[in-house]
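Chain by chain, the residues run as shown.
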Amino acid sequence: MRATKVATLCAVMTLVSGAAAARDLTIAGWGGNYQDAQRAAYFETFAKKAGLGFVETTYLGGLAEIKAMVETGNVTWDFLIMGGAELQLACDEGMLEELDWKVIGKDNLLPGAAMTCGVGNVVIGNGYAYNTKAFPEPPQDWKDFFDPEKFPGKRGARNSPGMNLEYALMADGVPPDQIYEVLATPEGVDRAFRQWDKIKPLLQFWESGAQPVEWLASNNVVMSTGYNGRIVMAKHEGKPLEFVWKNHLVNMDAWAMVKGSPYKDHITDFFKTVNDPKNQAKFSSLMPYGPSNAAAAEFLTPEMMAELPAGDNIKDAAFYSDAFWIDHLDELNERWSRWSTQ
Amino acid sequence: MSAASRKPGGGRLVALILLAVPLSIYILLYLMPIGSVMSLSVDNGELGRRLSHFRVADPQDRDARTSQLIADMQAMTSGQQAEVARELNQELSGFRTLFLKTAREADRIEPTLAGLVAFDARWGDEKYWAVLDRNSDPVTWRHFLRATGLILDDGGKVVTGGDDIYLQIVWRTLVIAVQVTLVTLLMSYPLAYAIANASRRLAAFVLVAVLLSFWTSVLVRTTAWVILLQTTGLVNTFLLWTGLIAEPLQLIFNRFGAIVAMTHVLLPFAIIPMMNVMRTIPKSQVNASRSLGAGPIESFLRVYFPQTLRGVGVGGGTVFILTLGFYITPALTGGPQDQMLSFYIADFVKRALNWGMASALSVLLLAIVLVLVAVFGLVRWFFSPKEGVA
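Chains as they are written, first to last, in the working numbering: chain A, 6 to 347; chain B, 26 to 415.
Don't take each hint at face value.
Unchecked claim - Computed list of lysine-lysine pairs in DSBU-like fashion (alpha-carbon distance at most 35 Å, straight line):
no., chain 1, residue 1, chain 2, residue 2
1, A, K205, B, K375
2, A, K320, B, K375
3, A, K251, B, K182
4, A, K269, A, K107
5, A, K205, A, K111
6, A, K159, A, K107
7, B, K126, A, K107
8, A, K287, B, K375
9, A, K320, A, K148
10, A, K72, A, K251
11, A, K277, B, K152
12, A, K240, B, K152
13, B, K375, A, K269
14, B, K375, A, K148
15, A, K320, B, K126
16, B, K152, A, K72
17, A, K107, A, K287
18, B, K375, A, K72
Think of the hints as simulated: they come from the structure by calculation, not from any bench.
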């Protein structure tokens with residue numbers, strides 16, 4: 006009697022897990038408004054065309070989950086959006102499908118968007134914003150951010166060396182296209198830290214991208230580094246914030262497919278959908294980050310373009326180097342921790 | 026059926042085994058992760074497994090070492106090459122790029138030192154070879170060395186003189202834990218006393234207040250403190266309005282804010298055990314002490330307080346151990362000088378992808394907790410009344 010029960014239970018469980026194997030297409034994103042905009046611009050368009058159902062999940066960064074999926078052969082995600090450095094590591098370590106760009110096509114894509122395993126898709130402007138009520142004369146560039154006499158008051162910054170050291174070098178007069186050459190030398194790193202020394206007593210460190218917006222809006226800090234999208238959204242809600250576009254640092258989030266996904270047949274169609282300029286324009290109109298396809302500008306109004314890391318805004322921008330940070334993160338992270346805690 | 030289960034021996038043995046099953050599963054589930062973290066902290070990863078030829082090559086014969094290194098590179102899959110490269114980069118910035126570039130082209134490099142240097146001049150630099158020499162074994166202490174600020178000198182001996190930042194952070198973690206424990210105990214003692222001794226209605230009210238905050242998510246409570254204490258927050262606005270201060274006070278993103286928020290989160294862990302102990306102390310004892318002529322303070326100090334020490338010990342110990350592992354609360358309410366060891370462990374897991382280092386720091390934290398528990402136990406044993414004495 007008991008044996009029959011156990012056997013029935015086992016049989017049911019096998020059936021259930023068998024059913025789970027034939028699962029829906031699964032897309033992992035970063036949640037919130039960001040994923041809502043992607044759903045409207047890409048997922049629904051793609052699913053309708055392919056005649057597929059899809060489910061979504063949240064990806065919080067890191068490679069642990071993807072590595073576990075690939076190594077155990079139990080791939081439960083198909084497409085996901087990743088930061089550039091992690092994408093590069095995952096690609097080199099064989100966790101992602103390599104892409105055939107001849108089939109996908111890279112017309113009009115920004116340089117760097119066509120990666121071995123990734124499709125650069127969301128262009129993010131990293132710079133600083135200020136409270137428009139804090140100063141009679143608004144700050145113009147990185148020099149002003151690092152100038153506590155001309156622009157007194159507390160500043161928000163992320164507690165991490167990535168991007169912060171680049172900002173400091175631009176404040177010290179290094180042209181945007183040379184920051185990584187300078188930062189690769191010990192003297193260059195010292196130069197960057199000397200800039201941060203100037204405003205160290207004024208710093209208040211943030212952990213998540215929502216914090217600087219709140220702090221700026223409540224006049225808790227007068228300036229803060231941050232992502233252009235959050236600042237622009239807050240501005241549209243009527244907060245007195247302005248983003249400084251001069252020499253901002255551009256990085257790209259990219260789509261990738263987990264190696265061994267059962268939906269590999271759809272890889273080209275999905276990436277064509279996310280590269281389509283019309284779809285990208287729709288995304289940018291919902292979430293103020295820039296398109297990776299230059300042709301998307303035609304479908305956006307000039308007012309929208311003025312608030313995106315695209316077109317004229319990225320003329321003097323610096324391009325964030327994932328490769329540099331993959332090589333130097335361990336060393337510079339430790340130096341930054343030591344600096345910030347003392 | 027019922028006769029069989031009543032048979033002595035058999036039935037009870039089955040029951041015993043059945044009872045032991047959850048226990049052994051629990052122990053297994055508890056010990057396995059700790060064991061895996063410990064092994065991860067000394068595991069050299071792919072780096073320790075994939076340089077098997079290089080490891081046994083004669084260190085003096087440069088060309089032989091080079092050819093063995095290239096043979097090792099050729100034997101790896103491209104995924105393994107990338108993992109080894111990432112692990113080498115933890116020791117020396119830039120090694121990842123060099124190793125990966127070389128490994129991808131290993132087939133067309135002449136397997137001599139000259140050939141390798143011709144491929145990329147950086148291989149002529151001794152520092153890359155030194156890193157390979159030190160780190161090709163399957164078991165490594167490099168994470169522990171880095172965690173404790175020790176380094177290997179040129180002769181391979183362990184010496185001090187490295188960056189001792191993690192030891193400083195361990196010390197800071199302990200200091201914060203002591204501060205939080207003291208503040209928590211000072212605040213929770215009167216509250217526990219109120220619950221145990223006040224009128225039923227007041228006691229119930231305080232208990233519900235404590236439990237309500239206990240049942241609220243840590244994140245919510247932490248965020249609430251951010252809202253209360255920030256420059257334009259309720260507390261500052263109120264103080265400015267009363268005229269007590271002219272400029273807003275910096276109440277958060279420093280040690281004060283971190284301790285306030287952590288204390289609030291941990292109060293129930295101190296109140297509940299103290300309250301339980303206080304409830305068992307008969308009120309008649311203090312009354313007796315008073316009627317024998319002791320004043321209220323003397324009665325409290327000599328009769329009541331010593332009996333509550335067990336609860337204070339349990340509550341304080343729990344709060345202390347929990348504080349050592351705090352992560353999100355100090356991250357949201359403290360400044361950079363108030364981040365505790367767990368923050369750096371999380372940073373290594375998430376941002377730096379260096380699980381070996383995260384494990385080494387975790388083992389360090391675990392070892393500190395074990396040492397402290399042992400010391401605590403010894404002190405208790407020393408002060409407790411011994412059997413047969415009296």
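Status of each hint after checking the structure:
Only pairs whose Cα atoms come within 35 Å are accepted, and K205/A paired with K375/B is accepted, the gap being roughly 26 Å. A C-alpha spacing of about 33 Å is found between K320/A and K375/B, which places the hinted pair at or below 35 Å, so the restraint holds. Simply put, K251/A and K182/B have alpha-carbon atoms about 51 Å apart, too far for the 35 Å limit, and the pair is violated. For the suggested pair K269/A and K107/A, the alpha carbons sit about 16 Å apart, so the restraint of at most 35 Å is met.
Between K205/A and K111/A the CA atoms are separated by roughly 44 Å; this puts the pair beyond 35 Å, and the hint is violated. Among the hinted pairs, K159/A with K107/A is inconsistent with the structure: their alpha-carbon atoms are about 50 Å apart, more than 35 Å. The suggested pairing of K126/B with K107/A holds, with an alpha-carbon distance near 24 Å, which does not exceed 35 Å. A threshold of 35 Å between alpha carbons decides the hint, and for K287/A with K375/B the separation of about 32 Å falls inside it, so the pair holds.
Restraint check for K320/A and K148/A: the C-alpha separation of about 19 Å stays at or below 35 Å, so the hint holds. Between K72/A and K251/A the alpha-carbon distance is near 39 Å, which puts this suggested pair outside the 35 Å criterion. As the CA atoms of K277/A and K152/B are separated by approximately 46 Å, the hinted pair breaks the 35 Å bound. Note on K240/A and K152/B: the hinted pairing is violated, with a Cα-Cα distance of about 51 Å set against a maximum of 35 Å.
Under the criterion of a C-alpha separation no larger than 35 Å, the hint pairing K375/B with K269/A is consistent with the structure, at around 28 Å. Simply put, K375/B and K148/A have alpha-carbon atoms about 32 Å apart, close enough for the 35 Å limit, and the pair holds. This hinted pair checks out: K320/A and K126/B have alpha carbons roughly 32 Å apart, not beyond 35 Å. The straight-line distance between the Cα atoms of K152/B and K72/A is roughly 31 Å, inside the 35 Å bound, and the hint therefore holds.
At roughly 26 Å between alpha-carbon atoms, K107/A and K287/A fall within 35 Å of each other, so this suggested pair holds. Distance check on the hinted pair: K375/B and K72/A sit about 14 Å apart at the alpha-carbon level, within 35 Å; holds.
Taken one by one, the earlier hints fail for this structure at numbers 3, 5, 6, 10, 11 and 12, listed in ascending order.
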